[in-house]
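Visitor: Residue numbers (this note's numbering), protein chains in the order written: chain A, 1 to 617; chain B, 1 to 309; chain C, 1 to 321; chain D, 1 to 305.
Calculated directly from the structure, the hints in this document are not laboratory data.
Keep in mind that the hints are not guaranteed to be accurate.
What the hints assert, rightly or not - In silico DSS-like links for lysine-lysine, alpha-carbon gap of 27 Å or less:
(1) D/Lys207 x B/Lys130
(2) B/Lys105 x D/Lys66
(3) D/Lys66 x B/Lys147
(4) D/Lys207 x C/Lys217
(5) B/Lys41 x B/Lys199
(6) B/Lys70 x B/Lys106
(7) B/Lys227 x B/Lys265
(8) B/Lys125 x D/Lys295
(9) D/Lys207 x B/Lys147
(10) B/Lys23 x B/Lys89
(11) B/Lys10 x D/Lys185
(12) D/Lys295 x B/Lys147
(13) B/Lys130 x B/Lys171
(14) D/Lys199 x B/Lys130
(15) D/Lys199 x B/Lys89
(16) C/Lys217 x D/Lys185
(17) D/Lys185 x B/Lys125
(18) D/Lys207 x B/Lys227
(19) B/Lys89 x D/Lys207
(20) D/Lys199 x D/Lys185
(21) D/Lys295 x B/Lys195
(22) D/Lys185 x B/Lys147
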Amino acid sequence: MKKSSLAKLLFAMMLILLLALVGCGSEDEDTQGEQNDQGQEEDTNGGDEDDAEDDGIYSIDDFSPVKTNEGEAIDGGTITFGLVSDTPFEGTLNHNFYSGNPDVQVIDWFSESLLAVDENYAYTQEGAATFEVNEEEQSITFTIRDNVNWHDGEPVTAEDWLFAHEVIGDPDYDGPRYGQTFTSIEGMEEYHAGEADTISGMEVIDEKTLKITYANFTPSLLSSGIWTYPLAKHIFEDIPVADMSSSDAVRREPIGFGPFIVESIVPGESVTYVKNEDYWRGEPTLDGLTLIVVNENVVVQSLQNGTVDLVNSFPTDQYPENADMSNVEFLGDIDNTYTYIGFKLGSWDAENNRVDMDPDAKMADVELRRAMWYAVDNATVGERFYNGLRWNATTLIPPSHPDFHDDTIEAPLYDPERANEILDAAGYEDVTGDGFREDPDGNELVINFASMSGGDTAEPLARYYIQSWEAVGLNVQLLDGRLIEFNSFYDRVGQRGEDDPAIDIYQAAWGVGSDVDPSGLYGPNAIFNFPRYESEGNDELLARGLSEEAFDHAYRQEVYSEWQEFMVEEIPVFPTVYRAILVPVNNRVVNYNIPTNAGSEIYRYQIGVTQEEPYTN
Amino acid sequence: MEFLKVEDLKIHFPIRGGLLNRKIDSVRAVDGVSFSIEQGKTYGLVGESGSGKTTTGRAIIGLNNITSGKVFFEGNDLTDNSKKVDVRKDIQMIFQDPYSSLNPKKRVIDIVAEPLRNYERLTKKEERYKVAELLEKVGLSPESILKYPHEFSGGQRQRIGIARAIALKPKLIIADEPVSALDVSVQAQVLNFMKDIQKELNLTYLFISHDLGIVKHMSDEIGIMYKGRYVEEGKTEEIFTNPQHIYTKRLVAAIPDINPQNREKQKIFRQSVQEEFEQSYHDYFDEEGLAYNLRNISNSHSVALPEKG
Amino acid sequence: MWKFIVRRLLIALPQILLLSVLVFLMAQMMPGDALSGLIDPNIDPAAIEAQRERLGLNDPWHIQYVDWITGVVTEGDLGRSFRYKMDVTEIIGQRLVNTFWLSLVTLIFTYLIAIPLGITSGRYNDTFRDQMITGYTYVGFATPLFIFALVALWILGFQFGWFPTGGSVSPGLTPGTFEYFLSRLHHLILPALSMALITTVNTVQYLRSEIIDTKQKDFIITARAKGASESRVYNRHILRNSLLPIAAFFGFEITGLIGGTIFVETIYSYPGMGQLFIESINLRDYSVVIAVVLLLGIASILGALLSDIILSLVDPRIRIK
Amino acid sequence: MKIVETTNAVENLNIENINKSPSGVSIIWREIMRDKLALISLVFLLLVTTLVYGISLFLDLDQIVKIDLFAIHEPPSSDFWLGTDYGGRDVFGQLIIGTRNSLTIGFLVTLMTGLIGVTFGLTAGFFGGHIDNIMMRVLDFFIILPFLMIVIVFVSIVPNYSIISFSLIMTAFLWMGIARLIRSKALQERELDYAQASKTLGTPRWKIMFGQVLPNVSSLIIVTMTLNLAANIGLESGLSFLGFGFPEETPSLGTLLSYARNPQTLENRWWIWMPAAILIFLLMLSVRNVGEALKRATDARQRRG
């Protein structure tokens with residue numbers, strides 16, 4: 001039979017394949033080598049800045065949040081905005097109803113907040129509405145500008161703004177928005193409970209003027225405490241509240257008063273916009289724009305070949321290999337998130353809706369917690385795992401709030417010697433000689449560490465922390481021996497109040513809101529206070545931050561600076577890294593800034609392009 | 001006490017159909033068969049394929065479920081499930097197809113020793129001795145005990161089958177078309193051999209065949225079946241010399257005569273039988289084309305004919 | 001025939017019911033729910049809890065199940081997606097269309113590749129051509145679909161830029177226009193082709209051995225002996241006999257496609273059922289998970305039924321009562 | 001006289017001297033030896049298996065999965081034969097352990113599905129009737145389950161999964177193919193005279209099932225299981241690729257491959273995923289070659305010798 005020749009053929013094919021792979025491999029190696037060589041050459045010639053880049057370590061300081069304009073904008077033109085996501089967007093296209101981040105990226109192009117914010121997320125008078133605070137009456141009066149109109153030409157009215165509150169406060173409302181922002185309004189809870197037909201604290205003074213009276217008047221109101229998204233009453237008033245989120249007015253023909261108008265939608269995939277000539281700040285420069293969903297895996301190629309001009313956020317782990325992309329400029333800003341290690345100090349008391357701290361908890365000794373902070377090298381983690389695009393965190397208010405983040409506070413830095421000393425002093429000694437310390441009573445100390453899966457470096461990072469603690473003699477074990485999937489992680493950490501007692505420490509991340517007030521995360525009544533920590537000092541500082549005196553900016557800064565320092569001493573959690581957010585923008589785009597860069601006074605209607613076609617790489 | 005007695009045996013197979021796959025009808029494979037065999041004799045069961053003869057044989061040994069009727073073996077009712085009389089050992093079967101009746105994956109020793117392993121506790125050595133002995137007895141070389149069935153010819157395989165059947169020294173052997181799958185030249189050998197061991201071991205045969213010639217050669221008594229019913233039964237002699245039923249007559253007429261001088265006579269006889277068959281078909285079969293109940297016409301001879309007025 | 005179909009469907013009903021209970025139970029057992037993903041200090045946890053209560057997520061599973069199945073049976077209402085805030089039927093409707101086209105084009109490619117290759121390979125078995133094709137089937141068998149799809153995306157999508165790298169249609173086109181249709185087709189080709197190239201190897205091999213078998217059958221030898229030309233022998237006799245089983249496996253292909261689409265849609269960011277399923281699992285959008293599994297379960301039942309029917313139509317030996 | 005003769009012949013019989021006819025196993029062996037490709041494949045398989053199981057005895061898993069911040073994404077070198085991954089972990093070590101884990105799962109799942117499938121199929125096919133009817137309904141139900149999806153749902157439920165629990169989940173939804181095959185074969189076999197003969201010889205039913213029918217379907221089982229082995233290895237890697245397989249601390253070929261989901265790894269760091277891809281490719285190819293040779297060996301018409 002001729003089968004043997006088939007055998008030879010197949011074998012030859014395998015060989016060719018192998019050779020090809022090897023060839024491919026060595027080629028790769030060569031280029032790598034070349035790159036290294038070049039790097040070394042430059043090393044000897046170049047300055048410090050080059051040096052940093054050749055290490056493959058970057059710093060957020062090297063990035064600007066605002067696009068450098070290269071040339072004059074032409075009239076019109078369109079751009080393509082890439083929404084980086086591995087799932088389609090849900091398509092709940094209204095600020096009042098959406099729940100996921102992808103949707104808000106779509107909404108922000110055609111709808112906006114009535115109030116603008118400054119770099120600390122405090123409301124300013126630059127937005128579509130202005131406001132006047134009356135501290136006596138505990139009320140704020142808002143006036144919507146006259147030229148603010150919906151896309152269909154109808155004016156945006158105070159009635160629309162009230163309507164948004166009525167819908168969200170309605171018991172049939174199916175979104176996640178109803179919360180503190182609403183309950184602090186006088187009469188809102190009665191309305192929500194169905195006891196009142198109207199919200200007593202809200203008063204429409206005239207077509208464009210709305211007055212809101214607050215039952216709970218705090219400085220927080222002025223940074224994120226107001227619901228600033230009106231709902232077009234003339235469109236929605238006939239739709240039952242329960243059906244609104246699935247109505248065509250939300251899904252197919254969404255409406256706003258922003259700089260662009262939605263022209264067509266391919267559900268979940270793409271949206272095309274045209275400019276809103278009637279935009280209240282002025283006619284947009286661009287004729288329109290296209291938003292498409294781009295998978296993280298293909299974002300680099302899409303940018304290189306000009307398929308997209310810019311994206312909402314670039315996966316930072318792909319940056320080092322693509323830092324030299326010539327057709328785009330990478331903008332960068334500090335993300336308002338921090339990663340942290342939390343210590344379980346108690347449990348949730350569901351009956352009284354407050355934390356129940358346990359003085360005998362395994363992690364109750366603050367010295368143990370401090371030692372654990374000293375034992376981990378977050379600076380190196382940031383450099384090595386994240387190429388400097390994440391960096392050592394010091395306090396629980398990230399530098400994305402520049403006025404409140406206190407960078408003078410000295411938080412523990414990697415120092416294993418110090419960690420050992422602290423542990424020795426606190427009585428954690430290895431009495432059994434197994435290489436691990438026992439607790440001061442001589443009992444075996446095994447610390448169970450819960451960490452979430454997902455994210456590119458989740459696994460090695462968790463392992464790294466365990467190794468670091470092991471290096472100072474602490475026996476830390478990964479809970480269940482593996483990373484925990486997102487949903488079960490938060491269930492077990494206690495987002496529904498049922499804390500898993502097996503967890504001693506955990507790693508998680510918080511995105512801080514626009515308002516700096518941390519009560520929602522560390523207050524004694526916050527279910528998100530996962531460490532279940534409370535103390536008089538903490539309570540007092542949090543209360544002072546929301547007190548009337550705190551309407552004074554400097555006073556508030558001082559309070560939160562004290563609070564940051566206090567938390568560095570108490571360590572119910574310690575922050576590990578802050579993050580950068582990167583946004584590559586095609587060179588032809590002008591007048592763009594990262595949206596998280598609040599208060600920049602560059603607005604979307606100003607975005608323009610210098611040429612019709614995007615630059616390609 | 002009769003050795004084997006079959007009384008009014010009925011075997012029906014259900015036909016399923018309809019939406020819910022319920023039983024909607026049944027095939028009456030065997031429909032009221034009775035006969036008996038004396039020990040040491042051979043009883044021939046004859047009929048065309050589909051007449052129910054094999055089903056009858058398989059029912060006796062328990063391979064087919066009996067719908068109704070009784071089977072007595074040495075006075076024990078085999079159909080009575082409550083009485084656990086193990087007569088398996090005493091009844092064995094020789095199968096039609098020597099190719100499929102021997103497990104192709106087993107060596108001869110395993111095949112022949114299978115019944116021994118079920119009923120007798122023998123050591124390996126005893127077992128091997130016994131198998132070799134049995135092989136010797138059926139005329140095969142004891143050297144072949146480690147071979148596989150596919151290494152033997154058809155006749156040899158049937159001998160292996162016989163060796164297996166006689167391993168437990170049974171009293172009754174049901175031989176289901178034992179030679180029909182074999183070459184004619186081998187057939188006689190096997191048949192004669194079967195006769196030999198019958199004498200030697202005092203066996204009783206229920207000999208099932210479609211070939212009246214072979215049955216004539218082997219049997220003491222003959223039963224002829226048609227569509228699940230008996231049409232005639234009697235001593236071999238009577239059946240051949242004095243067939244009463246038209247169906248029997250046709251069968252007898254179909255036996256080729258080796259003597260060339262009788263050829264013409266045979267032809268005329270066959271034609272006359274055919275004519276009679278065509279003319280008087282309805283005298284012998286009822287409206288459904290089935291045979292009537294048997295009636296004795298002599299002590300040892302009965303025929304299925306309608307009651308005459 | 002009709003009786004057979006009705007009976008099969010009758011048998012399928014309890015199966016589907018059981019499947020729904022099973023999936024429902026499993027969905028309940030998954031940790032977290034659609035609202036746990038909303039964890040965000042800007043969102044009041046009490047609001048989330050209120051939604052949970054409103055959606056009945058805190059009810060015991062059998063109550064939820066009964067509610068759900070009543071909706072399904074009485075109104076064909078598969079529930080509401082917690083995440084999309086839309087009726088599940090509507091979301092699935094959108095995605096199903098995409099997956100349907102993907103599957104259809106894949107099937108077309110599968111047969112376009114399998115039939116000529118299988119025929120060539122079987123007709124000229126043990127020639128160089130055959131060995132090339134057999135070599136391809138071996139390589140195809142040994143290459144996992146997802147690796148192949150990934151590499152295909154890389155080379156054809158990026159390096160050469162011949163095909164789009166995600167989505168189902170270019171933005172801004174009006175549905176119904178020819179351009180729109182072309183764009184959809186363009187988006188489909190790469191995913192469909194990569195799936196077809198891998199999954200078709202079984203069909204090629206099957207066809208090959210079928211033809212080789214048929215070649216040696218008596219009726220072919222007879223046809224040859226009667227002097228029929230070689231091409232006539234192939235076209236009239238061998239092909240007809242060998243292609244029938246392939247046609248009959250058509251229904252079963254559906255089951256195979258379901259698994260394939262999960263990989264392909266994930267890799268090519270193609271918004272179909274497979275991708276919907278994976279994201280719904282990750283986001284714990286149970287009502288969608290349940291509906292997708294159920295729907296695909298029904299699809300495989302129908303596929304099997306279809307195969308049986310085709311089989312009985314093309315093969316006179318098999319008659320369905 | 002006759003008896004004496006017999007005894008002599010029988011007593012002269014020396015069983016050890018009789019030439020044994022080749023058994024099924026030796027036919028298979030002969031076929032593989034004839035087919036160079038299958039032989040090479042078999043040798044390759046055995047080699048890989050012994051190597052990974054052997055080497056992994058001497059490997060320290062803790063050492064392999066140790067995070068080294070200063071050795072992230074190292075290309076292959078004398079220290080790291082296949083470079084390192086994004087945690088600075090040795091890829092070669094992970095490849096060895098990963099191959100071992102993947103093979104273990106492949107073998108486990110194949111064996112368990114084989115065991116369940118064969119027992120189920122034989123029982124249903126051999127007993128037939130109502131038992132068969134009920135069992136087939138159960139099987140039908142399992143068959144309509146969309147396998148990949150159900151497994152993914154299951155994997156998200158099981159809180160603590162290991163090689164064993166993962167294999168169990170796979171097994172629970174993979175046994176039907178072989179069960180159906182064996183059942184239809186058993187249905188045919190039980191009607192054959194040799195099975196009927198065994199009944200008349202007083203052999204108990206379970207003994208007929210396993211002693212008589214099983215050997216006759218064994219070649220089918222071996223072939224199916226071999227081909228299943230390849231499919232199962234592929235399935236594991238597919239699930240891990242989708243993120244529903246193994247966590248990284250239990251490396252498998254699939255987890256190594258799933259690194260390729262990161263486009264930078266796919267393009268620039270071939271050493272992480274390509275060896276695993278090639279190994280999967282070669283393993284599946286080899287298993288298939290052996291399987292095809294087995295298939296020929298069991299089908300007399302296609303046998304080459």
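Visitor: Confirm or reject each hint.
Guide: Taking the hints in turn, this is what the structure says about them:
Taking the CA atoms of D/Lys207 and B/Lys130, the gap is about 22 Å. The hint holds against a cut of 27 Å. The straight-line distance between the Cα atoms of B/Lys105 and D/Lys66 is roughly 54 Å, outside the 27 Å bound, and the hint therefore fails. Taking the CA atoms of D/Lys66 and B/Lys147, the gap is near 60 Å; set against the 27 Å cutoff, the hint is violated. For the proposed pair D/Lys207 and C/Lys217, the alpha carbon gap of about 38 Å is over 27 Å, so the pair is violated.
This hinted pair checks out: B/Lys41 and B/Lys199 have alpha carbons roughly 10 Å apart, not beyond 27 Å. Distance restraint check for B/Lys70 and B/Lys106: the Cα-Cα separation of roughly 36 Å exceeds the 27 Å cut-off, and the hinted pair is therefore not satisfied. With a CA separation close to 30 Å, the supplied pair B/Lys227 and B/Lys265 exceeds the 27 Å bound. Our distance criterion of 27 Å between C-alpha atoms is broken by B/Lys125 and D/Lys295, whose separation comes to about 37 Å.
Our distance criterion of 27 Å between C-alpha atoms is met by D/Lys207 and B/Lys147, whose separation comes to about 22 Å. Taking the CA atoms of B/Lys23 and B/Lys89, the gap is near 35 Å; set against the 27 Å cutoff, the hint is violated. A C-alpha spacing of about 31 Å is found between B/Lys10 and D/Lys185, which places the hinted pair above 27 Å, so the restraint is violated. Annotation: proposed proximity of D/Lys295 to B/Lys147 holds, straight-line Cα distance about 24 Å (limit 27 Å).
The hinted pair formed by B/Lys130 and B/Lys171 meets the criterion: a straight-line CA distance of about 19 Å does not exceed 27 Å. In summary, the hint linking D/Lys199 to B/Lys130 is supported, as the alpha carbons are separated by about 21 Å, within the 27 Å threshold. Between the alpha carbons of D/Lys199 and B/Lys89 the distance comes to roughly 11 Å, so the proposed pair stays at or under 27 Å and holds. Taking the CA atoms of C/Lys217 and D/Lys185, the gap is about 24 Å. The hint holds against a cut of 27 Å.
Pair hint D/Lys185 plus B/Lys125 does not hold up; C-alpha atoms about 35 Å apart against a cutoff of 27 Å. Between D/Lys207 and B/Lys227, the direct Cα distance comes to roughly 36 Å. Violation of the 27 Å bound is thereby established for this hinted pair. Annotation: proposed proximity of B/Lys89 to D/Lys207 holds, straight-line Cα distance about 17 Å (limit 27 Å). This hinted pair checks out: D/Lys199 and D/Lys185 have alpha carbons roughly 18 Å apart, not beyond 27 Å.
For the hint pairing D/Lys295 with B/Lys195, the CA-to-CA distance comes to about 45 Å; that exceeds 27 Å, so the pair is violated. Between D/Lys185 and B/Lys147, the direct Cα distance comes to roughly 25 Å. Compliance with the 27 Å bound is thereby established for this hinted pair.
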